[in-house]
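Chains as they are written, first to last, in the numbering used here: chain X, 1 to 450; chain D, 1001 to 1407.
No lab work stands behind these hints: they were computed from the structure.
Computed from a predicted structure; not experimentally measured.
Incorrect hints may have been included.
[Said to hold, decoys possible] Restraint ranges, calculated between C-beta atoms of paired labels, are given here:
(1) D:1213 / X:308: 56 to 64 Å
(2) D:1367 / X:251: 56 to 64 Å
(3) X:444 / D:1348: 50 to 58 Å
(4) D:1367 / X:200: 52 to 60 Å
(5) D:1176 / X:250: 46 to 54 Å
(6) X:409 / D:1172: 39 to 47 Å
(7) D:1176 / X:435: 37 to 45 Å
(8) X:251 / D:1240: 55 to 63 Å
(9) X:97 / D:1172: 35 to 43 Å
(10) D:1348 / X:412: 51 to 59 Å
(11) X:365 / D:1191: 47 to 55 Å
(12) X:324 / D:1348: 57 to 65 Å
(13) X:200 / D:1371: 45 to 53 Å
Cβ atoms here follow ideal geometry from the backbone N, Cα and C, with glycine treated the same way.
In case you want the letters, here they are:
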Amino acid sequence: MTKLIRPSRRRFLHGTALAGAALATPTFFTRGAWAQDFCNNPTGSTVTLGFNVPQTGPYAEEGKDELRAFELAVQHLNGEGDGGMMATFKPSNLTGNGVLGKKVEFVTGDTQTKSDAARASARRMIEKDKVIMVSGGSSSGVAVAVQSLCQEMGVVFMAGLTHSNDTTGKDKRRYGFRHFFNAYQSGVALGSVLAEAYGKDRRAYHLTADYTWGWTQEESIKNATEAQGWETAQAVRTPLGAGDFSQYLTPVLNSGADVLILNHYGGDMVNSLTQAVQFGMRDKQVNGKQFEIVVPLYSELMAEGAGENVKGIFGTSNWSWQLDNDGSKAFAKSFGQAYGRPPSQAAHTCYVQTLLYANAVETAGTFAPPEVIKALEGFEFDGMGNGPTLYRAEDHQCFKDVLVVKGNDNPTSQFDLLSVYKVVGRDEVTYDPSIFGGELGPYDGGTCAG
Amino acid sequence: MDRAHTSSEPDTATDTGKPQSVFHRTSGDVPTQLPPLGPEMAPMWPPKRDLAMTLLFGIVVYTMPLWLQPFGAAYPDLMQRFAIYGIFAIGFNILFGLTGYLSFGHAAFLGVGSYTAVWSFKLLSLNVIPAIVCSTLMAGVFAVLIGYVSLRRSGIYFSILTLAFAQMCYNLAYSVLTPITNGETGLRVLSDDPRVVDSLFGTADMAVPRASIFGIEMAGMAGFWTCATCLMIAFIVALRITRSPFGMMLRGIKSNQTRMSYIGFNTRPYMLTAFVISGMYAGLAGGLLAVVDPLAGAERMQWTASGEVVLMTILGGAGTLIGPFIGAVIIKYFENIFSSLGDSALMDAFSFIPPAIEKWVVFAVSPFVGEGWHLTLGVLFMIVVIFLPGGLIEGFRRIGRLFRKGR
């Protein structure tokens, strides 16, 4: 018996060793970059960016769309394709010839929507693949964790989709930048619309994803609705990626609440909303009023997942491909041609972040993070689909118009699910950076020396 | 093989000061007590061979930055993981490999260790030493509690009990204990933490808090050297335990617990001690995870993490000393390197093949890399379990024997 197996195992081991060596060849470690004055200074003819997105877990759909946008952004930076928003972005120093003459390459990682895994994957990209910038992500927990890692290692982090107030509030970092809007802005934009549509005498029941984003969104929406005269019946925390929300939904109707606010996102929101609708909540009358459901943070991908159930439901959005401006049109066209579908807000923010980073490097004339950060701080730009936008220096938060969106009652196509109900102006959603506290930290001090 | 001739030896052994030599001597006439998994478990290896093995292991561990180069794995983060999960698996093996009790909840101790270490960074000092001492002790306390209850049962019931406790810890960390664990976001070290001891010495004020040993920051390679040193210490301690009368007792429990009781041993204290030691190893590993990256997340305690260490141990060779470490390296290598290979990397790798065939080769291989790394791992695991029930160590041993015969 053993005699029969022996040679084949040996051959198998040989084969494995050969295959291992062959697979490892392209990933050979290039040492000799010791003389760098900052982390991962690109010395060759290329520069590598790291895109850390959820490829598994409840936010995987967002992650896939983010990756599409990153690939598109890299193509556009290298002068391939139709250029997308490169043409509408003003003021821009982008050349379409890479960044500072270096061809842009990228590596990807899977955050798994877990802080631990996201940090491990970011460290791999920084230590092994020598990336100069990390971007992406679809969870605030991940964004906060990766952002502080990037600060420690001295690598710029351009956050992807993250909506928690903490990302640019209590947990803000000098090396972290966020283009996406936040829960506070959602609350301000949504509060008045909800009071207009549903009246001022309402009782709300919150179901909240149990992590930094959920907490701050619950707080912001609570404050905004209570300012309009609403009451809050109860707020219940649900674990991220719970899958089945029926045990959390059953008590809602007995609580005397007449509005259900779902502080969920991605796959969680698709599940909780679908189940709430299946429970017949939207046909109920409570306190003599029609029972309503609100999803404060909305996205096209979620609407796609929840299908029919989103009809007439209010929420807020960072951006929509249906916006009527040059930047949005150019991006939607270029994205549609490449992937045959309109981009989501997650894709949009990631694309914009990549271009903004590249532009900051061109403006600074160097990849050195402190200079790049200074170029981004206080940067005022237009033509990226959101109208005039400011990267505020005090907390690295972008300020731009916020969209209140509503599920379409009569969608014309499978992508035409949300319509823009109201555009809330940038001035209305601007707030004092000191309300959330936090410290940005120093410009240097990070080390990634191996 | 005659597996009887039982545990009267350990009794005499405890009387002498040098258990090693006693075993060496007795082993001459007692080539017994061999569980089916390979000779390394038998206490008949002379101390010299232990010394040689320790030296070899040390060389392998400390030269990782060199020999891992061709595999694209010689970067600090991954090497730290190799060392840390090596400790975790070696500790797990003290329980599973020696006593045969399969714990499915060891990740709980890993998580407890991590949280303790981060709290030590936050409250006491950024120095690594108090952090790992506290995390090891705290994991020990948890192990006493969980072990005391779980060890009332054996076999599958024991496994299920430990699994239940671990999931309980995970869910508590994720929900009720959020003020202590910071839930999904994970517990982090912040620049405005109190750090009592550091502030006494006036060093608490720093912009980017990072763990350190007396001024050497735990970034990059320094972190790896620390982990590697801990791994060496953990390995030597595990070696001594395995070769000691206590280790003999544990193996006695594995081969026949009932017989041990009939001979007059109360096996429970031995089991509990083994469980606690193994839990402390996990705590140390968890503490080190926090040392090299000061963030503790609840997902570290999930049952998948507990299952992972079982895989590592079985893949490498349960009951052997080096096997669990090999298993840990392989699994972490797959998780970090295979999972990041894309089609383009494959194209590069197979560029020596003519393009027409290359496309097919890439097509055939691509399901096994990238997101499909679990598939490769699964296949490897099946091959090992079917053909090498003693783990990869058994494979090496068979190859070694082949060479010896050939000569």
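We went through each hint and held it up to the structure:
no.	hint	in the structure
1	D:1213 / X:308: 56 to 64 Å	holds (60 Å)
2	D:1367 / X:251: 56 to 64 Å	violated (45 Å)
3	X:444 / D:1348: 50 to 58 Å	violated (36 Å)
4	D:1367 / X:200: 52 to 60 Å	holds (57 Å)
5	D:1176 / X:250: 46 to 54 Å	violated (21 Å)
6	X:409 / D:1172: 39 to 47 Å	holds (44 Å)
7	D:1176 / X:435: 37 to 45 Å	violated (29 Å)
8	X:251 / D:1240: 55 to 63 Å	holds (56 Å)
9	X:97 / D:1172: 35 to 43 Å	violated (54 Å)
10	D:1348 / X:412: 51 to 59 Å	violated (45 Å)
11	X:365 / D:1191: 47 to 55 Å	violated (31 Å)
12	X:324 / D:1348: 57 to 65 Å	violated (44 Å)
13	X:200 / D:1371: 45 to 53 Å	holds (50 Å)
Violated hints, in rising order: 2, 3, 5, 7, 9, 10, 11 and 12; the structure is consistent with all others.
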